[in-house]
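Chains as they are written, first to last, in my numbering: chain A, 1 to 241; chain B, 1 to 241.
Hints are computed from structural coordinates only; laboratory data are not their basis. Just so you know, not all the hints are guaranteed correct.
Since the list gives no way to pick out one identical chain from another, each pair is judged satisfied if it fits inside one copy or across any two copies.
[To be verified] Straight-line alpha carbon distances no greater than 20 Å define the calculated SDA-like cross-link-like pairs of lysine to any residue that follow:
no.: 1; residue 1: Lys7; residue 2: Pro218
no.: 2; residue 1: Lys92; residue 2: Glu134
no.: 3; residue 1: Lys206; residue 2: Tyr31
no.: 4; residue 1: Lys7; residue 2: His117
no.: 5; residue 1: Lys7; residue 2: Asp159
no.: 6; residue 1: Lys7; residue 2: Arg238
no.: 7; residue 1: Lys7; residue 2: Glu194
no.: 8; residue 1: Lys7; residue 2: Gly195
no.: 9; residue 1: Lys7; residue 2: Arg119
no.: 10; residue 1: Lys7; residue 2: Val75
no.: 11; residue 1: Lys7; residue 2: Gln73
no.: 12; residue 1: Lys206; residue 2: Arg109
no.: 13; residue 1: Lys92; residue 2: Pro152
no.: 14; residue 1: Lys92; residue 2: Gln73
Number of protein chains: 2
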Amino acid sequence: MTERAGKIRLFVDAALAEGARLALGRPQAHYLMGVMRLGAGAAVAVFNGRDGEWRAILQPQGRRDAVLEIAEQTVPMRVPPDLWLIFAPIRKARTDFVAEKATELGVRRIQPVITRHTRSDRLNTDRLRAHAIEAAEQCGAVFLPEVVDPAPLDRVLADWPPDRALIFCDEARDAPLLSRVAPPAPAAILIGPEGGFAPEEAAVLKARSQAVAVSLGPRILRTDTAAIAAIALWQAERGDW
Amino acid sequence: MTERAGKIRLFVDAALAEGARLALGRPQAHYLMGVMRLGAGAAVAVFNGRDGEWRAILQPQGRRDAVLEIAEQTVPMRVPPDLWLIFAPIRKARTDFVAEKATELGVRRIQPVITRHTRSDRLNTDRLRAHAIEAAEQCGAVFLPEVVDPAPLDRVLADWPPDRALIFCDEARDAPLLSRVAPPAPAAILIGPEGGFAPEEAAVLKARSQAVAVSLGPRILRTDTAAIAAIALWQAERGDW
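All chains, please: the whole structure from these sequences, using the hints.
What follows is the structure in structure tokens.
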């Protein structure tokens, strides 16, 4: 639930089509009527990640509930280029941040991965998803990345789609710079934990035919910085920037 | 004061040279002896942003004070490419974050700028500098960007060096993508506030011969995301990545 430049945008789960009526949950109804002080007939923008953005009209139902009547589509659906982000979770605030930034920069899927050297508290996928939703609301996005549950690296690799490149940021200095590689698509960017990949993990990764080892310049980057920089470079070279 | 992969790195102000003796302030002495439990003869890495990284030997002086004896240089001095970041400060945590990320990605100067639509609390330059120092300690950097005090946009422009390009991220959609422009150097990346530049500010910017208006893709980016993405792209195209 976010206001930006006077425009209130709400993410909703339901299908959006002209004339549809959408009963809001109490928190969204409270946000519109209690926090933003909107009354009957006020217009807000809604999106569900699938149907673009629509103008919707608020119809309060008593003091605590409300319905949105869907008017017309204002922004057509647009899906970002086919990039996934797979990253070893870090401290809570930084992990939330990665979810937010990946959503803004445009990825289709966010996948936390557990590696040998991953040091993380239990990760709350719902919280990550909430950060992605807030980022999408804030940034005018009509698409929401799929935020999937954390999985061990070997399981992620076992299910790997044969046509998807795995761009794997290697701390070893012998990998070519991502900016000098023509980045493949569809692709996933894999960012390891602060301690790096264990030698056996690095060996398994390098043995995969879809793997492309890259480096991100002469300075050591934190996990969150590396994730954001790699997505930006991929978008610039291969995506829709 | 940061430990990474077993290596403790300290930023110090003093000149570094073989045989120099450096009296530590109480907080750094406490960190080394109280928190990290180092005793006499322990080795740490120190850097001052000018002389590279040096190995230093701890010599406690009583329980609360300590001297570092500088042994030999372990990493030569290396200065990042000549890029400045100028940005309109945002919420405190995000502003701290921008200082941290710009340091990791490599800029020479960080300049907060006050524009018409800047909504920010008073900005604490010392806190920003502390975040830059922590990022440099953490990321193995030997250089520390100069963090300068906030200044109004017109004053920043009045003092503008004639040979420095001003890459100005424009929300207007007609500017070319940064990834499609051969980025000039030396340069500064200027990121405006969430509300964008006021029309008169945009006009003044566009009228400058050093200005290069660019866009950052089809999605709206928050200020902090835009700053990080723009630095990453500049580094990839024109810097040392």
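Status of each hint after checking the structure:
1. Lys7 - Pro218: between (42 Å within a copy, 18 Å between copies)
2. Lys92 - Glu134: both (16 Å within a copy, 18 Å between copies)
3. Lys206 - Tyr31: Neither: 49 Å inside a chain and 40 Å across chains, both beyond 20 Å.
4. Lys7 - His117: between (43 Å within a copy, 17 Å between copies)
5. Lys7 - Asp159: Neither. Shortest intra-copy (41 Å) and inter-copy (37 Å) distances fail the 20 Å Cα cut-off.
6. Lys7 - Arg238: Neither, since 31 Å and 37 Å both go past 20 Å.
7. Lys7 - Glu194: Answer is between: at 13 Å across copies they meet the 20 Å cutoff, but 39 Å inside does not.
8. Lys7 - Gly195: between (43 Å within a copy, 12 Å between copies)
9. Lys7 - Arg119: between (40 Å within a copy, 18 Å between copies)
10. Lys7 - Val75: within (14 Å within a copy, 51 Å between copies)
11. Lys7 - Gln73: Answer is within; shortest intra-copy Cα gap is 15 Å, inter-copy 56 Å.
12. Lys206 - Arg109: neither (22 Å within a copy, 38 Å between copies)
13. Lys92 - Pro152: Result: close within a single copy only, 18 Å intra versus 35 Å inter.
14. Lys92 - Gln73: neither (36 Å within a copy, 36 Å between copies)
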